[in-house]
Amino acid sequence: MTVTVSLTVFPSITLPCHMSLFHSVDPGRHGTTTNTYAPQVRPINGLVEVLRSAKKRSAVLYTWEQLRDLWRPGKLEYGIFIHQHTDNIKVQELEVTHAAIKLIRDEAPDFVFLYLGGADALGHKAGWMSPGYLDLVRHAWLRIQDVLQILPEDYT
Numbered sequence: 476m477t478v479t480v481s482l483t484v485f486p487s488i489t490l491p492c493h494m495s496l497f498h499s500v501d502p503g504r505h506g507t508t509t510n511t512y513a514p515q516v517r518p519i520n521g522l523v524e525v526l527r528s529a530k531k532r533s534a535v536l537y538t539w540e541q542l543r544d545l546w547r548p549g550k551l552e553y554g555i556f557i558h559q560h561t562d563n564i565k566v567q568e569l570e571v572t573h574a575a576i577k578l579i580r581d582e583a584p585d586f587v588f589l590y591l592g593g594a595d596a597l598g599h600k601a602g603w604m605s606p607g608y609l610d611l612v613r614h615a616w617l618r619i620q621d622v623l624q625i626l627p628e629d630y631t
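Take any residue in the sequence shown, count from 1 to its spot, add 475: that is its number in our numbering.
Honestly, the hints are just simulated from the structure, not real lab data. From the three backbone atoms N, C-alpha and C, an ideal C-beta is built for every residue, glycine too. Some clues are possibly wrong.
Keeping only pairs whose Cα atoms sit at most 20 angstroms apart, straight-line, the calculated PhoX-like set for lysine-lysine is [to be verified]:
1) K531 with K577
2) K577 with K565
3) K550 with K531
Label pairs and their calculated CB-CB ranges [to be verified]:
4) P606 with N510: 22 to 32 angstroms
5) M604 with D562: 38 to 48 angstroms
6) A513 with H558: 17 to 27 angstroms
Given these sequences and hints, build the entire structure.
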């Protein structure tokens, strides 16, 4: 199994960082500098569009609605947004993880992006490295392990 680590941008604001990850350019090029999406003045294809042009199927499962702007409409094969309908972030992250596992088993997409945003959200409220933040990081790590356990051998 291959694990890829990517660096994003500073300051570490969620949407600009993810736009940079998905589009391989900095905020000065993609134009999103806050957690409010800004349409690209000079549009470039992102990861989802590039995969689609290569006849690959992408899936994005996420718990923070603003991530919907990481791809162009009609380019994503599977998009599942689990709205934070509960005060229990762990329940929400279990739901999106179970949805990812089911999708991987049933549809075998070529690319899966799973966003567990609980630690990020709590970090803004309670502080980075606070006890609640660290608890949600541990919880997210367990959800990642749940997904890794069901992946076929040939998945990267």
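Against the structure, the hints:
no.	hint	verdict
1	K531 with K577	19 angstroms, holds
2	K577 with K565	18 angstroms, holds
3	K550 with K531	11 angstroms, holds
4	P606 with N510: 22 to 32 angstroms	25 angstroms, holds
5	M604 with D562: 38 to 48 angstroms	22 angstroms, violated
6	A513 with H558: 17 to 27 angstroms	23 angstroms, holds
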